[in-house]
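Student: Residues per chain are reported as follows:
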Amino acid sequence: MKPLIPFFTLVRQEVYRFWRLIKQTIFPPIVTTLLYILIFGFSLGSRIQEIHGFPYILFIIPGLAAMGVINGSFSNACSSLYMAKFDRSLENLLATPLRPVEMVLAYIFSGLMRGVLIGTLILIVALSFFKIPPQHFFVLLYFFIFQSVIFSCWGIIAGMRAKTWDSLATIENFIITPLVYLGGVFYSIDLLPQPWRMVSMFNPLFYIMDGTRYGILGVHDAPLLYSFSFTAIVALILFGVCVYLFQIGYRMVR
Amino acid sequence: MVPATICHLLTPMNAVEINHLKKSYPNVAALKGVDVAIPQGEFFGLLGPNGAGKTTLISSIVGLVKPNSGEIRVMGFELRKNPREAKQQIGLSPQEINIHNYTPIRKILEFQGGFYGLSKKESLKRGEELLKHFSLWEKRNVGRYQLSGGMQRRLMIARALMGKPKILILDEPTAGIDVELRHELWSFLKELNRNGTTILLTTHYIEEAELLCDRVAIINHGRIVAQGPPKELIAKHQLKKESRRDGPFQFVRPGSLEEVFIKLTGHTIEEEAKEETAEETRA
Ligand SMILES: Nc1ncnc2c1ncn2[C@@H]1O[C@H](COP(=O)(O)OP(=O)(O)O)[C@@H](O)[C@H]1O
Ligand SMILES: [Mg+2]
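Line order of the protein sequences matches chains W and Z.
As numbered in the working numbering, residues 1 to 254 make up the first sequence, in order.
As numbered in the working numbering, residues 255 to 537 make up the second sequence, in order.
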């Protein structure tokens, strides 16, 4: 027996799940981006000043792509786990020989595929309007991957904890979306007055957005080393938490 | 230290071995020190009234319940130390339906095979055989919602067999299944057992256990109250010819396992209650 078969089977199951629901999982964020481009690029955008030397629409595209990655990864993991808890198929999975770390990695992997697929499609659609390639491709990939890991892990934890569907929507609407918006999708924190600028520095999403923007446009507000290390460290910590929770069977094992 | 795999080859061992297993839920002690050993190749029945602890015991064997103390070995592998190896040996069809909601059942079986290490090709082939065997092939492209209760049960048994288990565990597999299907399932399980699969079955249909099992254990209030081949249990515990057959024994065939079951479970309730108060005062 090839030892990786169980792991890749779970990845296949998870990818199969979101791929079958492509109209709900992949298309909506792409449509949203197109709307943003129409509104901010062609109608409103011309009235807003350039930021860091970029037209407004170009400035916000990296944030929109990151938002796609983040939402896609989070909802992939949390809805899959929540549903599996709901129909009890999670118990079937837990009774198989898969190790906790393999289960976590498989959920992350499928979240990664969905998130990075969405982010990439958004960039392809958006940048094809402006005909510029990403400035630092590997930096972009780095931030895409680590932000996807962070939010897949968060999704795993949220999915395990959730007792109702509502609580998941609450996290998305009242925690993630505000953090993302205030993390500088639509503005450079250079433009903020104190104390808001200071406050923004404590928003973890700020570093993720800033790094992603550097990968695409080549400009950044925070020291790059901060953003790089911060993103990777948070991802590792959350990964550890997820593996631990699966090991003890948190809210899954009686 | 000798690796577990070598111990395997040297000593004949039990398929399942459970020692001093205890499990308490927040408001009830479900298992109060259970010892069970099931030799390889045996057809073993776990009998008990509702709430006796059957599901808790079975769920412990696959890691879905964390016991407070005690030890579980599956084909020699200690569950806590080698969970992967232990679970690899087992196929489980649980009491409650736990089938992925929207995935076509052919996919469900294919994935299940993969979880136990079968290649995609092998898994598809085995899935097809099992779907055909359980008369589900026509339904291969639909989800669980379009299956009747009996079909869902059969699907869970098919799914439990995907990983080619050495030990098949069935938690009340015949609950809510009509007579004809039940008999089909019985002959299927007998055949499987003849070909070497160890089977652990829980049920509260006593005649089912009497018909199928080489040995049964009767569990009540989290304790095994009797264990042995049905014939021996009957010989040992059946009511005396002259005893009165009223109350719970009114409709029971004399000399049946059911009689023993009622005697051991129904009649011990009072003693059990006394025992429990005694335990509480001690604590
Ligand atoms: N998840 C749970 N939480 C609390 N109590 C439980 C839980 N599962 C079972 N029990 C209790 O444990 C006892 C044994 O239940 P169970 O193992 O399901 O018995 P059986 O399968 O023999 O009907 C019962 O008293 C039941 O109410
Ligand atoms: Mg039960």
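Please note that the accuracy of each hint is not assured.
[What the hints assert, rightly or not] Derived pair list, reagent style DSSO-like, types lysine-lysine, alpha-carbon separation capped at 27 angstroms: (1) Lys335/Z - Lys131/W; (2) Lys320/Z - Lys85/W; (3) Lys276/Z - Lys2/W; (4) Lys375/Z - Lys2/W; (5) Lys494/Z - Lys85/W; (6) Lys393/Z - Lys23/W; (7) Lys335/Z - Lys2/W; (8) Lys393/Z - Lys379/Z; (9) Lys85/W - Lys418/Z; (10) Lys2/W - Lys374/Z; (11) Lys393/Z - Lys2/W; (12) Lys418/Z - Lys163/W; (13) Lys276/Z - Lys85/W; (14) Lys374/Z - Lys85/W; (15) Lys85/W - Lys361/Z; (16) Lys444/Z - Lys85/W; (17) Lys320/Z - Lys276/Z; (18) Lys379/Z - Lys2/W; (19) Lys23/W - Lys320/Z.
[To be verified] What the simulated footprint calls covered on chain Z by chain W, stretch by stretch (three residues with Cβ under 8 angstroms from a Cβ of chain W suffice, anywhere in the stretch; the number is not a length): (20) 313-323; (21) 333-344; (22) 350-361.
[Claimed, not checked] Chain Z is nowhere near these chain W residues, computed Cβ spacing over 10 angstroms in every case: (23) Thr9; (24) Arg12; (25) Tyr16; (26) Val31; (27) Leu35; (28) Met83; (29) Asp87; (30) Asn92; (31) Leu94; (32) Thr96; (33) Pro97; (34) Ile132; (35) Thr164; (36) Leu245.
The hints are simulated quantities; they were obtained by calculation from the structure and are not laboratory data.
C-beta: ideal position from N, C-alpha, C; glycine also.
Student: Regarding the assertion that Met83/W does not contact chain Z, is the least Cβ-Cβ distance greater than 10 angstroms?
Tutor: Nearest chain Z Cβ is 7 angstroms from Met83/W, so the label is violated.
Student: Taking only the CA atoms, is the gap from Lys374/Z to Lys85/W under or equal to 27 angstroms?
Tutor: Holds, at roughly 26 angstroms.
Student: Please check whether the stretch 350-361 of chain Z has three or more residues whose CB lies within less than 8 angstroms of a CB on chain W.
Tutor: holds (count 9)
Student: Under the criterion that the straight-line Cα-Cα distance not exceed 27 angstroms, is the pair Lys335/Z, Lys2/W satisfied?
Tutor: holds (21 angstroms)
Student: Is it correct that the beta-carbon of Pro97/W has no partner in chain Z closer than or equal to 10 angstroms?
Tutor: Incorrect as stated: the minimum Cβ-Cβ distance to chain Z is 5 angstroms, not above 10 angstroms.
Student: Would the hint linking Lys320/Z and Lys85/W be met if the CA-CA limit is 27 angstroms?
Tutor: holds (18 angstroms)
Student: Is the straight-line distance between the alpha-carbon of Lys444/Z and that of Lys85/W 27 angstroms or less?
Tutor: Outside the cut-off at roughly 33 angstroms; violated.
Student: Can you confirm whether the C-alpha distance between Lys335/Z and Lys131/W stays at or below 27 angstroms?
Tutor: violated (57 angstroms)
Student: Take a quick look at whether Lys393/Z and Lys23/W sit within 27 angstroms of each other, Cα to Cα.
Tutor: holds (25 angstroms)
Student: Just checking, Leu35/W versus chain Z, shortest CB gap more than 10 angstroms?
Tutor: holds (29 angstroms)
Student: Quickly compare the C-alpha distance for Lys85/W and Lys418/Z to 27 angstroms and report which way the hint goes.
Tutor: holds (26 angstroms)
Student: May I ask you to check that Thr96/W keeps its beta-carbon over 10 angstroms from the closest beta-carbon of chain Z?
Tutor: violated (4 angstroms)
Of the numbered hints stated above, those contradicted by the structure are hints 1, 3, 5, 11, 12, 16, 19, 23, 24, 25, 28, 29, 30, 31, 32, 33, listed in ascending order.
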